[in-house]
Every structure is written in C-alpha cells, then in structure tokens.
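Q: Read off the chains here:
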Amino acid sequence: MTTPAKLSLWSVVRHILLVAGAVVMLLPFVWMISTASKPPSEVFSSELHLIPHQFALWENLQTAFAKANLWRFLLNGVMVTVSIFVLQVLVALPAAYALAKLRFIGRNALFALVLFGILIPPQATAIPVFLLLHKLGVLDSYAALVLPFTISVFGIFLMRQFFRNVPDDLVDAARMDGISEFGIVWRVMLPAAIPAVTAFGIFSVVAHWNDYFWPLIVLNSEHLRTPPLAVAHFRNAEAGTNYGALMAAAMVIIAPLLVAFLLAQRRFVEGIALTGIK
Amino acid sequence: MARIELNGIRKSFDATEVLGGIDLTIENGDFLSLVGPSGCGKSTLLRIIAGLEPQSAGQVTIDGSIVDGIRPSARNLAMVFQSYALYPHLSAFDNMAVPLRMRRLSTVERLPLLGSLLPGRRREERIIRADIDKVAAQLEISHLLQRKPAQLSGGQRQRVAVGRAMVRQPEAFLFDEPLSNLDAKLRVHMRAELAELHRSLRSTFIYVTHDQAEAMTMSSRLAVMIGGELVQVGRPAEIYDNPRDVRVAEFVGSPKINMMPGRIRDDSRIEVFGHVLRLASSQPPGNCSIGVRSERIELGSGPFSGAVIHVENMGAEAFVHIGLNGTEARLVARVNDVRRLPDIGSHLSFNFAADAVRAFNSAGKRIDVTAEQPERIRERAVV
Amino acid sequence: MSDNVATIGGVTVRLPVPATAQRRGRLSLTPYGLVAPALTLMLIMLLGPLAGVIALSFTDYQLGAPSLSWIGLANYHEMFGDRVFWTSLRNTLVYVGIVVPGAVTTGLAIALLIQSGTSLRSLYRTIYFLPVMATLIAMAVVWEFMLHPQFGLVNGVLREIGIAGPSWLQDRSTALYALCAIGIWQAAGFNMVLFLAGLVSIPKQLYEAAEIDGAASAWARFRLVTWPLLRPVTTFVVVISGIRSFQVFDTVHVLTKGGPSKSTEVLIHSMYTEGFEFFRSGYGAALTVVFLTFILLLTLIKSRLADRGVQYA
Chain A
1 MTTPAKLSLW SVVRHILLVA GAVVMLLPFV WMISTASKPP SEVFSSELHL IPHQFALWEN
61 LQTAFAKANL WRFLLNGVMV TVSIFVLQVL VALPAAYALA KLRFIGRNAL FALVLFGILI
121 PPQATAIPVF LLLHKLGVLD SYAALVLPFT ISVFGIFLMR QFFRNVPDDL VDAARMDGIS
181 EFGIVWRVML PAAIPAVTAF GIFSVVAHWN DYFWPLIVLN SEHLRTPPLA VAHFRNAEAG
241 TNYGALMAAA MVIIAPLLVA FLLAQRRFVE GIALTGIK
Chain B
1 MARIELNGIR KSFDATEVLG GIDLTIENGD FLSLVGPSGC GKSTLLRIIA GLEPQSAGQV
61 TIDGSIVDGI RPSARNLAMV FQSYALYPHL SAFDNMAVPL RMRRLSTVER LPLLGSLLPG
121 RRREERIIRA DIDKVAAQLE ISHLLQRKPA QLSGGQRQRV AVGRAMVRQP EAFLFDEPLS
181 NLDAKLRVHM RAELAELHRS LRSTFIYVTH DQAEAMTMSS RLAVMIGGEL VQVGRPAEIY
241 DNPRDVRVAE FVGSPKINMM PGRIRDDSRI EVFGHVLRLA SSQPPGNCSI GVRSERIELG
301 SGPFSGAVIH VENMGAEAFV HIGLNGTEAR LVARVNDVRR LPDIGSHLSF NFAADAVRAF
361 NSAGKRIDVT AEQPERIRER AVV
Chain C
1 MSDNVATIGG VTVRLPVPAT AQRRGRLSLT PYGLVAPALT LMLIMLLGPL AGVIALSFTD
61 YQLGAPSLSW IGLANYHEMF GDRVFWTSLR NTLVYVGIVV PGAVTTGLAI ALLIQSGTSL
121 RSLYRTIYFL PVMATLIAMA VVWEFMLHPQ FGLVNGVLRE IGIAGPSWLQ DRSTALYALC
181 AIGIWQAAGF NMVLFLAGLV SIPKQLYEAA EIDGAASAWA RFRLVTWPLL RPVTTFVVVI
241 SGIRSFQVFD TVHVLTKGGP SKSTEVLIHS MYTEGFEFFR SGYGAALTVV FLTFILLLTL
301 IKSRLADRGV QYA
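Residue numbers (this note's numbering), protein chains in the order written: chain A, 1 to 278; chain B, 1 to 383; chain C, 1 to 313.
Please keep in mind that the hints were generated in silico from the structure rather than gathered at the bench. Just so you know, even glycine gets a beta-carbon here, dropped at the ideal spot from N, CA and C. Check the hints yourself; a few may be wrong.
As the list claims (entries may be wrong) - Covered stretches of chain B, going by a simulated chain A footprint (3 or more residues, C-beta under 8 Å):
no., stretch
1, 66-73
2, 83-90
3, 95-107
As the list claims (entries may be wrong) - Derived Cβ-Cβ restraints for the label pairs, each shown as a range:
no., chain 1, residue 1, chain 2, residue 2, range
4, C, Ile44, B, Gln59, 38 to 48 Å
5, C, Ser122, B, Glu196, 47 to 57 Å
6, A, Ala20, C, Val84, 37 to 47 Å
What the hints assert, rightly or not - Per the computed footprint, the stretches of chain A lying under chain C, defined by three or more beta-carbons under 8 Å from a beta-carbon of chain C, are:
no., stretch
7, 9-17
8, 40-52
9, 165-176
Bound-form chain A, shown alone (with noise of 0.2 Å):
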C-alpha cells in the first residue's frame, strides 16, 4: 500500500467488494420497486427483469391506497411517535437534571434503578404491562401504544451524561438571575442539550415507528394500527395475490424514515448508534 501502483490496486479491489456488498443490501429495496412497478403479468412471471414492460407504480399505489388507509396509518404512526417522543422528554428531562446537578438523598440509588431498568428488555415486561392495561381497560386505544413508553430509563440516563458536563455555573447563574429549578431544566438545560435530545429523539422515533410487537398485542381495532401492523395486515389479506400492491404499501410505508435519514444522515447515525450503549 505503499507504492502508488499498489494504493490505487487496492481501491479499486475496495471500491469492488463494496459495491458488491451494497448490491445485496439494496437488492431488495430495488426489488421493492421494481415489483412495486409491475402489473400483475408481470410479477407473476418467472421470467426475470428489474425494468417493468408495462410501468404500473402509479396504479399499485392507488390499489394500496385503497385497499388499505394508509394515510391513517401512516398519521397513526406520527401521532403515536410524537407523543412517545414528547412525553419521553418532558418526564425524562427533569430526573436528568436532578441526577446530573442537584444533591439529595437517594440520588445514587435512583441512578443505580436507571441504570438497571436499562437493562430490561421491552418484551419482558409485556405481560404484566398488558394486563395492567386490561385492568385500566385502555387496550385497543392510543393510550396503550403511548402509557408504557412514557417513561425512558435510557433517556435519562443518556441526557444526565449530557447535563453533567453542562457548567454548573451556568445553572448557578440561571439561579441568580431567579430561575427556578423547573425553570432551569427547560430554559438553560434544553437548549444547551439540543444536540443530545436531537440523537434521542430519532432513536426514540425510529424505534416506535418500526415497533411491531407492542402493537401487534395491544391492537384490535384497524383504525389505530401503526404502519408495521398495517403492512402486516396487508400481507395477510394480500399475500399471494397482489404483490405489486403490497410493495407499494411497503415503499409508502418506509418513506418517511427513509427520506428523513437521507436528508440527515449524520444525525440519523448518530441517533441510531445510540442504541449500542443500550
């Protein structure tokens, strides 16, 4: 790799094993298209071919469109993400900010819970949870897709790092100047954490709006269901007969992320890989 023959050797036998490797990883996004593309002839054929004959991407869509409502679906999905998202915050931040800069009694005990509620898988708790949810009687509603994920042990844990090396005479002065300690939390520490919430918040989002499972249990009702769910609904009363429309619904389906992560990859990275320290 030293020698300049050698160096541009060995990209393009890097530029090859990539490109090879992203061929697989995007084969069946392409493939998604392509079927989503295709008349029915088409797609039942054994014959194999990307580029549709007859272009029928626009007629699939209307199919989906009308076999299913994926324009609630898909306003399912912001409205259950965004509350997720919101609620998250607003209960998060504050135990952030107490265990990041203020000093009382039981402060290390309640870290210690945090960092152990981390470590408890969603599924785990979905049995109790689910028949805590029957006892209240708020299953098959918005409210079970919101209620359990209102609280983020992770989120906390995450912005108490980040508060923590926010200065303290920042909030020292935020006290002086008569801001009280609510106050605090949402006038000095938000905006000083807005890099940090940002990450939350798509890993927060990404991972409720691609949620299958607590749906999947919590649901009966086909005008709550979220995006995965509406997918697999599709599937089930489809499958077998109407591949191009199943493919547009799945296209329509993953967009919205999609065009958001192209659109801010790095955050989207960065958000997504905080799922590691997880």
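Chain A is already provided as a structure; the job is to place chains B and C on it using the hints.
A: Then chains B and C, alone, in the frame of chain A:
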C-alpha cells in the same frame, strides 16, 4: 448597596470541614477581595453569600436582615462567574435581559408565544430594552448585543457577564475569579476597568481570586483565607506591610517574601545565620523565622554574603537570586537599576534594615519586635 | 440540598426569616419533585412489571380468569416437559449462533473496507445503513416475495444458473436459515456504524508508529494496532448483537408464525403465542423468565469482558 455581615460561617462537605467559622463584615461600598490559595474555601464562602450553597452553621446578614434560607435570586445579589456562564442559546441582549424578565414579568408574560401578545409584556420589554441599552453603552458593548456568546471574544463575554450583573442594580456584586480565563494582557486591562467600574457604581463588590496581584491592585480591602480560616483582613498596603501570619506574608507579594530561620536568644535578641540583629522580642527564647521582602534587601555591603545563582531581568527592575554561603537558603533581592547587575556566580554581600524584618514564631504567628535604637533613621541590623 | 425552595415567594427580602423557614430551605424537596414522575412511571411500567412477570410465572393466571392460585414450579415443569419449548430454545440459540457471528464479521469487514480508503465513504455508509432504518416488517414482506419459490428473485437467479431453489420459507430445512439471512442483512449496517466509531477513535499516530516500527503490511498493522484496540468495541458489538437477536420476533411472526412444523419457533414467539393468543399469562411469564435469564447472562458476560477491556486500554 449593602453591608454584608458573616457570623460564624461553617461549612462541611461529608465530614470534611471547608470553612471553619468565618466572621467578616463587608462595608457598604467596599471592594473586598477574598484571596487565598486554591482550595482555601473562598469560592465556597462566596457561594454561601450568594445563597447557592447552604452553610452548615452561622449566619449571613445583608443590610441587617438574615438571608439564610432565602433563595439566591431573592437576595438581590449579582454574580459574575469564572466561565462567565452566559446562556449559549441566547444573544448578549437576551442574556442580559434574563434577570430583568425573571423579576419584572409574570409567569404568563414569560410564555414563549402567548406572552409576547400581552400588552403588559410589551411595555415591560421597552423598559428592559432601555435599561440594557444604558448598561451596554456604559460597558461599550452596544454593537455586540445581537451576537451569541460563541461569537464573542473572551473579553467581550466578560463584559456581557458584567452587564448581566449590572442591569438588575443589585445590592452587591459577587465575582468568582472572573479574570482567570483571560490572557495576561487583557487581565491587566480588565483589572483597571473593574476598579473604575467599582468607583463609578459605588456598590459593594466581593471579589474572589487566587491571584494576589489582582487582589492587591483592585480592592479597597483584602481578606486572606487559608485552609478554611480567615487569617487576616485589611487594606492591601496593610496586609503587605504588616502580615499577622507567616502564610499571609508568603502568599501576598511577588516575588515571595524571603523567609529565613532565626532564633530568639536568651537575651531576647534575634539571631539569623549567626548574626545578631538589633531587634528585641518579648517572646520567650526559641526558634523563630524572619521574613524580609525582596525590595528591602540591600546589595553591596553588610554582614551577609552569598553567590549569585540567577538573575531575572524584567527590564524596569531585576531580581537577583542569592544562595547564602554555607546554607541551603536562597534569597531574592530586587534591583531597581538594571544597568548594574551582578554576574551569575559572583559573590556579594548584602544587608537589610531592622525595620524591614517581620518575625514569626514557630506556630507562624507574628512576633512583635522592637528596634534597639529606634531614634536612628537607618537602623542597621549588624553584628 | 440547595436552598432554592421559594420559602418566602415574592415577599421582600428585607424581612428576617424565621428559623423554621430556614430549615425548610435546606431540606429542599425540589429534587424529589423533579424525579417523581420518572420514578413513578419507572415503578409502574418497568420495575413493577418485572417483579410481576417473575411472580406470575409461579401462578396459573389466565387473562379473564376470575382468580389465580400459586402453583409453584408447575409452569416450569410443564415447560421443561414440553418438546415445543426445547425446539424453540434450540431454534433461538441456532438463530443467535448464526446471526451474531454473521452480522459482526460482515459489519467489521464493511467498516474496515470503508475506512481503508477515502473515497465515497459516506455514500457506502449510507447504503449499508439503509436496512437498519427501514421498517423491518415492510422489508420482511419484501424478502418474503424475493424468496418466493416460483416468482422470487432468489430462485429466479438460481434457475438461471441451473439450480432448483427450495421453497425457502415453506421448507422446514431452510426456513430458519432464511430468517437468519434476513437478520444478518438487517443488523450488519448497525454493527458497521459501531465499528466505524471504534476505528475513528484509534489515534492515527499509532499506525504511523507501527509503520516506523516495521509493520509494513496492512495485515501486520491490523494485527498490531486495529484488532487489539478494537477489542472492547468488538466485545460490545457481539453482546449487543446477541441481545438483539435473542429478541427475534418480527420476521418470525409475519413470515412463518413459527412454522413449518415449529422449525422457526423461537422463545419470544412462543411467549407471544402462549401469553397473548392463548392468554396463558402464567405460562407466558415462565417463558419470559427463561428469556430474561439469557439476556442477563449476556449482560454479565459483557460487564466481565468490559472490565477486562479497560485493562487493555
């Protein structure tokens, strides 16, 4: 403007005592510097005055009212922090407006969107703007008001932080090492500015610093703290000239005071390096230490002699480091005429006047000494 | 601790404050007010249910049943005597055993390849990261069609080169491996990002020092610098992948429902069927406890290795 009294202030963090009973009165209009080496508790004391930290015992009184348990903002003191603590997301103007808005606007009026629609808020905002403009003009930062802290230089941030303290017209200003983040040149400049500001505001200033030069040059009074104790309080000249404790003598003044091991003889005279000084002490015989400031060492002749180890030429003055013959001791002498400096390695004799001697007992406390022939103008401490 | 509680509200400062107010000022309740919502929700939604799931596993509770009774270890007895449980445990372990090494090595390989040159780095990173972002359920449906025995892309390509492909997801000898492939496809990009972060944090000077010290080939430098310094990250990625693949559910539920003939039955899917389809909450809870034990085990391994990793650093 306010008179601040501290009575028996103690503070412990988890069994470690940081402050051991501080009594101090800061008079109205005083510029008091709390000075001491790092870790002496001076910042903690300032934070207790501010109300940011509760004391373990004792009382803080501002203008005759005990303020313990009153939250910081209600004490009507302003503080300038070492890191300036400007809100990074707010412009200089909005930073300065925070304390005013917090005081003058109701919770509803402070609401982000709704609040700005209320007529009361608009009226208040006009007054706030006028107040800030006045202070900004005074500090010459009017052209910077729309900038965010990140777009300001260190000195400019410093001014905005001072401005934020000034706009609310506090009872007193608290400064927590506000110049330590500036470069040396700017620091010297800001010293003069802060002293001028104090004169024009005629307000009470409490200024914490570990830099004795800063404290000496700016303040009307100095409170030297060491190891959680208030060791000496007084005017800068008094502290410099008349330290009551060896730690004060060593902390104040640059270069450091020359300390030499001495002994009180049975005839109550003081002896140093084998020479008996014409100084008598009322203390019982035993070991003591004597201190002489570098500017009081007179080179040329005298009973003491040593070799020149090092010469620091500062341009206007020079410091000659002398290793005393036959001892480990080193002294620093100030020479005003830099054109006539001894060579390194050369030997010279020196002397110091009896009234230049400050003697301390083995516990470090100042011992009073009397010159034997006080009527002579230049008393020589001689064999 | 700090005395910020507005003991006297807006009342003028000049008033001496009575001793009781001073007391209250010091024992501030503000921190507790700030953490109260989080703590309450944590107890209700996380720690309470965790204790609940363990307790439930010793009961015969069924959703809608009027009462429950303690049946000791009966659920566990039933579980250990059930062939389906052992199948599902075995399948889960096979899935983890294939996906973890697969996704970790591909992730590492991609990261190294991307980092070994300077051109098109962010483009490659974006492409490899796409599967992580895409809703897995939607992509599972796409994969299902790609694996369609007759009209699917995979068998189409195989046919071109003269091989008759199996009916992947409907064949009990291939279904689990097909799910593994989807799992690797989805997780590799995620691991790549973690590895890239690890690679970036290796100081450049170390490579220069290695070169001066005689590590001439790229492989030598990899052995001397990259691999040892990447070890903590690698451990971390392995455990994270392990925990994530233990939770496999989405693809199983939408593509195979555990079939054909239980060949893709996995732990969480069993838990789902027992707990939420047959509403045997007690038995589902016992399955959850088994699942939790494995997760806990992995976490323990992680903290053990992490401790050792610190010594390397």
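Q: Are the hints correct? Go through all of them and say.
A: To see whether the hints hold, each was checked on the structure:
{"no.": "1", "hint": "66-73", "verdict": "holds (count 3)"}
{"no.": "2", "hint": "83-90", "verdict": "holds (count 8)"}
{"no.": "3", "hint": "95-107", "verdict": "holds (count 4)"}
{"no.": "4", "hint": "C:Ile44 - B:Gln59: 38 to 48 Å", "verdict": "holds (45 Å)"}
{"no.": "5", "hint": "C:Ser122 - B:Glu196: 47 to 57 Å", "verdict": "holds (54 Å)"}
{"no.": "6", "hint": "A:Ala20 - C:Val84: 37 to 47 Å", "verdict": "holds (40 Å)"}
{"no.": "7", "hint": "9-17", "verdict": "holds (count 5)"}
{"no.": "8", "hint": "40-52", "verdict": "holds (count 5)"}
{"no.": "9", "hint": "165-176", "verdict": "violated (count 1)"}
In terms of the numbered hints stated before, the structure departs from hint 9 and from no other.
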